[in-house]
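Peer 1: Spelled out, the chains give:
Protein chains: 2
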Amino acid sequence: MNLDYIKPNEWSIIEEGFDSSHVKASESLFSIGNGAMGQRANFEESYSGPTFQGSYIAGVYYPDKTRVGWWKNGYPEYFAKVLNAPNWIGINVYIGNEQLDLHTCKNVENFKRELNMKEGWLSRSFTATLPNDIQIKVSAKRFLSLEKDELGAIDYSVTLLNSDAVITFQPFLDSGITNEDTNWDDKFWDTLSVSQEDQRAFIQAKTMKTDFYICTFMESQIFNNEIQLNIKPEIDKASTHITFSYQQKVDKGDTLSIHKFGGYTVDRNHDKYELVTSAKSVLDNTVASGFSELLEKQKEAWSKIWDMADITIEGDVKAQQGIRFNIFHLNQTYLGTDASLNIGPKGFTGEKYGGSTYWDTEAYCIPFYMATKDQSVARNLLTYRYNHLEKAIENAEKLGFKNGAALYPMVTMNGEECHNEWEITFEEIHRNGAIAFAIFNYHRYTGDFSYIPEMGLEVLIGIARFWHQRATFSTNKNKYVILGVTGPNEYENNVNNNWYTNYIAQWCINYAIENIAKVQAYYSSDYTRIMNKSKLSKAEMKEWKSVADNMYFPHSDKHQVYLQQDGFLDKELITVSNLDKSQRPINQKWSWDRILRSPYIKQADTLQGFYFFEDHFTTEELERHFDFYEPFTVHESSLSPCVHSIQAAKLDRMEQAYTFYLRTSRLDLDDYNHEVHEGLHITSMAGTWMSIVEGFGGMRVKNNQLTFEPKIPKQWDAYSFKVNFRHQILKVIVNQNETHFELEGNTDLQIIVNGKTVTISPNNLVTV
Amino acid sequence: MNLDYIKPNEWSIIEEGFDSSHVKASESLFSIGNGAMGQRANFEESYSGPTFQGSYIAGVYYPDKTRVGWWKNGYPEYFAKVLNAPNWIGINVYIGNEQLDLHTCKNVENFKRELNMKEGWLSRSFTATLPNDIQIKVSAKRFLSLEKDELGAIDYSVTLLNSDAVITFQPFLDSGITNEDTNWDDKFWDTLSVSQEDQRAFIQAKTMKTDFYICTFMESQIFNNEIQLNIKPEIDKASTHITFSYQQKVDKGDTLSIHKFGGYTVDRNHDKYELVTSAKSVLDNTVASGFSELLEKQKEAWSKIWDMADITIEGDVKAQQGIRFNIFHLNQTYLGTDASLNIGPKGFTGEKYGGSTYWDTEAYCIPFYMATKDQSVARNLLTYRYNHLEKAIENAEKLGFKNGAALYPMVTMNGEECHNEWEITFEEIHRNGAIAFAIFNYHRYTGDFSYIPEMGLEVLIGIARFWHQRATFSTNKNKYVILGVTGPNEYENNVNNNWYTNYIAQWCINYAIENIAKVQAYYSSDYTRIMNKSKLSKAEMKEWKSVADNMYFPHSDKHQVYLQQDGFLDKELITVSNLDKSQRPINQKWSWDRILRSPYIKQADTLQGFYFFEDHFTTEELERHFDFYEPFTVHESSLSPCVHSIQAAKLDRMEQAYTFYLRTSRLDLDDYNHEVHEGLHITSMAGTWMSIVEGFGGMRVKNNQLTFEPKIPKQWDAYSFKVNFRHQILKVIVNQNETHFELEGNTDLQIIVNGKTVTISPNNLVTV
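Residue numbers (the numbering used here), protein chains in the order written: chain H, 1 to 768; chain X, 1 to 768.
For the record, the hints were derived by calculation from the structure and aren't laboratory data. On a predicted model such as this, the values are computed, not experimentally measured, just so you know. Check before you lean on any hint, since a few could be wrong.
Since copy identity is lost for identical chains, a pair holds within one copy or between any two.
Calculated pairs, DSSO-like style, for lysine-lysine (alpha carbon to alpha carbon, straight line, at most 30 Å) [claimed, not checked]: (1) Lys545 to Lys249; (2) Lys72 to Lys7; (3) Lys24 to Lys72; (4) Lys479 to Lys558; (5) Lys477 to Lys589; (6) Lys402 to Lys542; (7) Lys589 to Lys209; (8) Lys297 to Lys272; (9) Lys398 to Lys589; (10) Lys232 to Lys209; (11) Lys65 to Lys187; (12) Lys581 to Lys535; (13) Lys106 to Lys141; (14) Lys589 to Lys479; (15) Lys398 to Lys352; (16) Lys589 to Lys391; (17) Lys398 to Lys72; (18) Lys391 to Lys581; (19) Lys137 to Lys249; (20) Lys589 to Lys533.
Working from the sequences, and respecting the hints, build out all of it.
Peer 2: See the structure below:
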């Protein structure tokens, strides 16, 4: 762990004491979002110290011109980037003539920041002595409304501690913002209009090239000791910003407050010519009721989310805080109501990685959303890929594939590839497998087959075609081989026969064939439509089958393990425990070639296959592979510890499982990877959820039944979680002695616990 | 071949007829240089059509900020780029008020360009009708003086064909130039002063960051019908340029001419505060004698070069033109007098590739310079690498090596790495081997061992240390392996056990050990100095030896060939002849992953090893490897055809050898690779020389003797070449029936011809 300043607390993330070296990390950790928009925890008032300003609107992106040292055929010329959006939270604060800026204060005391996860708000308070020796106390609270997802609200107050003074609040809107992560320092926003109406202001802007139109807006109320004042602001309007200046003489001991309401209306949801009107309507419907009432609604909305999604852990505050932090941020990032959105790896907490969708969604996030939301949410995530199928086919064509073969992009916002490292973009093709696996997983969990005839089968056909064409026949091996790939372990590039890739390729083909047969048998009109569209022949399917049936898998007879790739055993097999600590993390200490020729594994690769296809292997096989590969694994991907935690738990290695759990759940809180200032690792947070529910809880779905093999780390007294399984909600409480099951709903549910069938009746606690 | 507009001619490169689509290609093909500076064949007068302006000064570079999409540890932050230098050739021409611009003329006739290689000058003539209907005839001739290498001269004349007119010549200097190949569009030159003195002008400028100071200068003379006029020019002086305006009323039928003299003085050769003074001195010593006398001296200087370096071919004009074009450009690029300079892959003909030194110098250029110049030239090229040894050690340290291991950069100007593709920069490590091989080759050819104790042994030790550390022991194979490399065939990246790399690594270690012993035995004070400096122990050398003795070489028992790398046989082995022509060149048609998993070979790789280490293998082995690999070779590197030509000749496949010869010798003239507009392939031109002397002539040095196995393509009547062998000059003339040898000097020379000893006496033709 690299940072240790967050106070352990079951429901809140708390920072105490002002340390400017923590500002950027805290801006990430205390980020707030409501699925439609989100922002880093930047200060409302001006701050001249190191800061990373960020405000983001879901689905609004910019196609930045690619930057590359040496061009390779097949790279995208442009690709989508997460886009910093106009700032609406800013409030310049003047005490007398002195601007409040924590970086220039003579002293800052009692600084406290709290992200209240239970209720969904961020607060900050401190006392400060300004350069002019005036002492003030500041309290600020803000939230992005879950109920009205175009609106955010801020309550910002200043109390004069040692002097009378004129206080000036200058709430502003600013569309003259920049991105940290641009390739060519291009301007991304074109400001169209800056306007004002009474206490309200509006800036309309559009993104260059993508032409997303948005309106950012604000309205403010001023209070002296909680009594609303009627101050007519001075207005400063310029080409890309507008500032209202509210000035008030305030007595020593008194408190001047501003309630600022603001947000975005976006042409993804409104007519682009109606954005100001829509913004007015948002303000009309909310501001009058006031900050407090909006906050009450926020608490209610979060309460509903927690009611379903919460995981409790007793006896281990840090573990409890960790899992809630993960669940909270997942819900801030994606709520599942819009099939055109997805779960960005940094959510609304930073710009890094660009694009919003990785294989993380299918491999790590879908189980969480399936179990804690209505199943339509997971279906929306699958539909997102169906909607991108044409672009995945175009993407494959650019790389020389044909006949409807689909290669989904490694990173995307709109279906187009957003990345240009050849070893990733062109070679990390296993991503296609995760997309097929998610269809399987959705059907396995929800029992809803309808997605497959309606959409999924076309995706499966495109993917099967890709694998068929991508595999080549080696006369030398008399088998099909897949050459030149990067597996999930990105610390190997351009390897031959990555076992995970070959295995999932084989599985994809078989799964596609199986589902073609099912659709043919039971959904004949869909079958006809799909066959007409795809022009899939029996002969082609026979070729697929030949590839799947004759796939090569590298194996070591000596070690009795599948080899991660051809030639793995030729490496110097020195385990991580024998690697000097000064060399870690290797991705910061070593040049790339050295990483590549080392045996070190960034994240589960062969073991990822054992996770997905658990039923295909015995526990002894898992153990052998775990013992072979984990000692070489440096876990330098955020996606690594969760899978290892699940598998360690399965192997009854509870101490190791617990260590991996802490690492995955507190990855950002404790900044294991030295990079929390860039934003949080949102997608791996769903892996944390899996490591409790699937790892410790041992939950699986087999033959349309939930099964459990509950275990508990010795550090915990108890833990509980709920899952939504086929429209019934099952609560599971595990303590050191027994497991309780509780069911909401009307009908009995048969589950399997430690291999035995248990019938749970609604509202009737069953203890096993 | 893609272009076919150059007229076949034994001594000149000739273009007839104006075609604006050929301008950029001709700017490359007709480039001129004198080793110290060079320039593309840009027009003197303004040209508004597509053009690539370029003027270059040897050794003057700029450290551009690296551009990269995704950073990898170990990449250089900055690297040197070939730098476009201030323009001194420009002459704006006005006829009346109309500016001459071939892109806007009503018509252009009798356009002819000639690069006279025998005499070292470039000329151009045409008649044109201007938009104002005035018809003119223009003749221009220019050269960069070999004798005074800071000076160039232009004779530019305009004849009025159908009208009297005022003609204005505006010779200018311009330091406000840009580079085509910049990473960030940075400004590279800082202009320090613009000054004028009578008919002379000077611009002093320095490069940003590298602080190379230069002065570009000009002086002009005006003639009417060859009678010098005394016109006082109007002067336009601005921050980065200075223009002299000479105006003269000229009668129909008369000719107004300007002789412009200009060039650069550079602080690599002068005190930076004396550059204007030095420029004046250049002008003082040359202008007065006039254009014609300077041109006569130019002819004499080129005559001396040709006397030694010329290769004649009888009966095949295109083949003759090709080889002279290659020899001419090599001599324009590098004359060998300055050990801080080297042979850039594009010479003075373009910016592409940046940096000046690749392994091309050692692998391809040294034989040409050894045989056609004084042997000090080759020694200077070796000294260049010795001078960069400390930086090569630093470069290796950046990649995790230690204890004086040296990795020479892939591309460099000053010893620092200039490239940042991990698969090249970090992995194409065989370049180290070529540097050691050049030391061996120099000693083999010249017999001069002194370079090794004085400098070379330290280089060999650094290189041996690198290989020792870079190889790792595979317990699986019970051999040392070299993992994660790119061989000479850059269409494979990050492969294991590239045979060429493993072989040259083994050879380097053995060669270093052998030379340590020699130096110990015969140069004890050098030995002591080097051992003290390198701290090399017997124990370390023993470890080296263990690596060399136990090196792994991939081999196919079935095919009885060494495998280019592990796993090569798993590819789909479809030969190039079975590849659809529409797919070629694959580097323009295919995405990188597709190239990598294909069997296609960019240039000799295993066969490059058979070329370097010919004596280690039987002819039968060569034949087997040639037959196995050549059918997969696409020759998309300029360095490929020459080696294959040599080996085809050795295998008596003369038709194939001839085809490869034409391809290497006319690569640029016929634009085989669709890229001549970017500049010429200078380093591969030395390979063309090798394909005649070593390929057809069969020349080798064995046991301190020249040996020959002369062959001749059936398309030729005869060919001849000269080599400087250990201070004696041997001329070889081969025809369809016999070979003649002629020797300059005082002592007899014993050579081996087709296995038999032949004694050649000076000035006595011997026929075999």
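Peer 1: Taking the hints in turn, state whether each one holds.
Peer 2: Going down the list of hints, with the structure as the test:
no.	hint	result
1	Lys545 to Lys249	neither (81 Å within a copy, 86 Å between copies)
2	Lys72 to Lys7	neither (48 Å within a copy, 35 Å between copies)
3	Lys24 to Lys72	between (36 Å within a copy, 24 Å between copies)
4	Lys479 to Lys558	both (21 Å within a copy, 18 Å between copies)
5	Lys477 to Lys589	between (38 Å within a copy, 29 Å between copies)
6	Lys402 to Lys542	within (17 Å within a copy, 55 Å between copies)
7	Lys589 to Lys209	between (39 Å within a copy, 29 Å between copies)
8	Lys297 to Lys272	within (29 Å within a copy, 75 Å between copies)
9	Lys398 to Lys589	between (35 Å within a copy, 10 Å between copies)
10	Lys232 to Lys209	neither (39 Å within a copy, 55 Å between copies)
11	Lys65 to Lys187	both (12 Å within a copy, 22 Å between copies)
12	Lys581 to Lys535	between (56 Å within a copy, 28 Å between copies)
13	Lys106 to Lys141	within (24 Å within a copy, 74 Å between copies)
14	Lys589 to Lys479	between (39 Å within a copy, 28 Å between copies)
15	Lys398 to Lys352	both (26 Å within a copy, 26 Å between copies)
16	Lys589 to Lys391	between (38 Å within a copy, 20 Å between copies)
17	Lys398 to Lys72	both (12 Å within a copy, 26 Å between copies)
18	Lys391 to Lys581	between (44 Å within a copy, 28 Å between copies)
19	Lys137 to Lys249	within (16 Å within a copy, 85 Å between copies)
20	Lys589 to Lys533	between (51 Å within a copy, 29 Å between copies)
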